[in-house]
Structure formats: C-alpha cells, structure tokens
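Peer 1: Residue numbers (our numbering), protein chains in the order written: chain L, 1 to 147; chain D, 1001 to 1147.
Just to be clear, a hint being listed does not mean it is correct.
[Said to hold, decoys possible] With a Cα cut of at most 20 angstroms, we get these calculated PhoX-like pairs of lysine-lysine:
no. : chain 1 : residue 1 : chain 2 : residue 2
1   : L       : K31       : D       : K1058
2   : L       : K138      : D       : K1128
3   : L       : K144      : D       : K1123
4   : D       : K1128     : L       : K143
5   : L       : K31       : D       : K1057
6   : D       : K1065     : L       : K143
7   : D       : K1129     : L       : K143
8   : L       : K144      : D       : K1121
9   : D       : K1122     : L       : K143
10  : L       : K138      : D       : K1065
11  : D       : K1057     : L       : K144
12  : D       : K1129     : L       : K144
13  : D       : K1124     : L       : K144
14  : D       : K1123     : L       : K138
15  : D       : K1129     : L       : K138
16  : L       : K144      : D       : K1122
17  : L       : K143      : D       : K1058
18  : L       : K31       : D       : K1065
19  : L       : K143      : D       : K1057
Think of the hints as simulated: they come from the structure by calculation, not from any bench.
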Amino acid sequence: MIYSLLALLSGGTVATSILLNARLAAIKGLKKGVFVNYLMGLAVSLPIALLINGTAVPAVEFNWMLLFALTGGAIGFLAVMMNSYITPRIGILYITILLFIGQLGTGVVIDGLRDGVFQIGKIIGGILIVAGLVYLLKLERDKKTNQ
Amino acid sequence: MKSDFIKNSGLSLIAGVMIAVMVTANGMLSSILGTWVSLVVIHFIGLLTAGLFLIIKKSTGNILKGVPFGYLLGGAVGVITILLNNLCVNNIGVAMTLGLALVGQIIASAIVEHFGVLGMKKKKVSLKKVPAYLLMIAGAAVMIWWS
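If we strip away everything but chain D, and leave its shape as in the complex, we get:
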C-alpha cells in the first residue's frame, strides 16, 4: 500500500509538472502564431489526441447524444481560460499565472457554493475556513508585489 501511495504521489507531481509545461508551450504558440490562431491549433491538437484515444479504446459513437446544451459550455469557458493563461504567461511568467489562478479558483469555488449558483447546492462558507482563504490571498499578494 505504501509503495502505491508513493507511486501515486509521484504521478500527481508529474501531472503538475505537465500542466506547467503545457502552459509554457501554449504561451509560446501564442507568441508564434498569434492569440487567436493559437487557440484554434491548441484545441485542434487536443481534439485529435482525444479522438485518437477514443478510436484506440473503440469508444466512438453517440458523442453528443443526450448532452444538455448547458453542459457543452464547459469547452467554451475553457477557451477563455487558455486565452487568459496565454496572455498572462508571456507577461508575468508561469509560476505567477498558475499560483494566482489557483487562488482565483478556490475563491470562485467558495462563491459558487456559498450562493448556490450554477445549480450547486447552497452551502455557506464556514468561518473556520476564513484563515485558510486569508493565507492564500496573502500568498497571492506576496507573489504580486514581491516579484
């Protein structure tokens, strides 16, 4: 069991390294091809990779059947994410882009839960969590003003 934990911990770290490399690569593509063309190419290559995987796994067919329109918007919102990442990474670097994005993500998740938007069950943010949020916001502030 313990060796499984070490293996999966290592894989988690590697996945994190991959995300940082991905953000770097996408940012470079954005400077080579331009903001909008790079977004097309990034999604095309992602689609090709995912499609190849589906073909290998023989899991094609009924791709869009029964999917409510609202759920499709995840991919559209994803375009905005990559666009913002590409703009940021070429100006403030990889570490700050990813660090601030994480803080933004945690705060956004808290807001979504607290107010019950996007069909989430309303769940008030407990006061106990406030120090954790403050710590993360402090980290973001240090990144912004001490870099």
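This is chain L alone, in the form it adopts within the complex:
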C-alpha cells in the first residue's frame, strides 16, 4: 500500500518537473535544458550520496545485468528526445495515449516474465486508466477546437 501511494506521489513530482523543465527548455532549448536537468540532478544526488554512503565505492562485479542496469540514464535522454520529435508531428493527444500504452504493455510483460505470472488486475486497471485518459484528452481537444 505504501508503495502504491509513493507511485501516485511520483506522478506529482513528474508533473512538477515537466512544468519547470518546459520553461527551462523555452529559454535554453530542449537539448541544453535536458543537460541542465541532469546537471542539477547530479548536484543534488551527489552530496546526499556522499553524506549517507561516504566516499566508499560499492564493490560490484561486472556482468551483463550491471551493463543493462547502467543504460537507464541514457535511455531516459533518448526518450525525451524522441518525445520532442514526435509530439509536434502526431499531436499531444495521440502521443500521450500511445506512450502510456507502450509503457504499461511493456510493464505487464516485464512483470510477467519476472514473476512468472501475468496479473489480470494490472491489465484491467491499465485499460480503465487508458479509457479515462482517452476521454480526458478528447474533452480537452474538443474544447480547443471550439475556441
């Protein structure tokens, strides 16, 4: 339950940083904006890590799992770039919906492979969320075209 609340909360922090980063990108352009975003992230996370963990580097063994785990930061950058390429070409309505379907579908598959079981609640819950999202975005688009 606590993790469900934290996941909902992370949506709030996503909304906040999207707002702030959009303003940053309006001044600096997207590429520099993303760079500044990671720079600030490093400036915040490094002192905290040093404070909590000290300067000791965790001993890790190199393997393919570690190599894959290290790609997250780079994938994040690529996803932001793709997002900015696609959005003006397809519109915010479609990209938001398709992006979410891609995320959730992949999430269900990854969870299923990891746990060895596909949970129906995640799929039905996901479909309800997609339905709400489609409805909401359609209302917003209809209002815009009427203005």
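Given the coordinates of chain L, assemble chain D onto it according to the supplied hints.
Peer 2: Relative to chain L, chain D alone:
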C-alpha cells in the same frame, strides 16, 4: 500522410517501451549499487549522454546563463521522481509503478491548473472531466487491490 501517422504512432509506442525498460534498468541499478549511489550514477550517465549530444551538435556554451534559479529545480524534483520509481519498481513492479504514476500525474496537473499554483494560470476543472478522472482512479484502485 497516413504512413507518417503510422510511423509516428510506432515511434510513440517505442518511446513508451523505452520508458518501461528505463524504469526496470534504474530499479536494477538501485538494487545493485544501493539507493543513493544509483541516483548519482543514473544522473551522471544521463549528463554524459546529453553532453555528448550537445558536443556533436556543436551547441555548447552559455549552458546556465540567464536561467532563473526556480527553473533549475526541475532537475532536483526529477531526483525525487527517480528515487520514488526505484523504490516502487522493486516492490510493486513496473506496470503498477507507471500506471499509478500516470494517474498521480494527471491529478497533480489538474490541481496545479485548478488552483493556479507554480505560476500557472488558474483554470477551474470542469465538471465534464469528472467521469474521466473517476475512470482513471477506478483503474488505479483495480491495480492496487486486484494485484
């Protein structure tokens, strides 16, 4: 035009797949390196990728000039997002983390607009949108209690 739409739809889905893979990779890194060190590494690799891109595009210089301090906070808030995602993904899985985050994001955006916080123009949430929000909240509830 139609083939462009199909291409961009496909790219949107792929971007969604990438985000799910990214969240999985970051969660794995968090279990390998620990909560705080992984945050540093994720932002360092993101910064490196973004920096490399800027160098290739010959778009360096004046990175921080003229940026109001408040806009820098997007990157700091982003640290909280990744921290929450890493905590959640290792406990409730990828699908629920991303599904609930989306619902949280939509609700947070509505609150930001409705009350006009963070410098946004005040825009009351119309009653017409309530069914869409309820549908999404129902989806979140199904995910939480039927998984």
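Peer 1: Going through the numbered hints above, which ones does this structure break? Give me the numbers in ascending order.
Peer 2: Violated hints: 6, 10, 11, 17, 19; rest satisfied.
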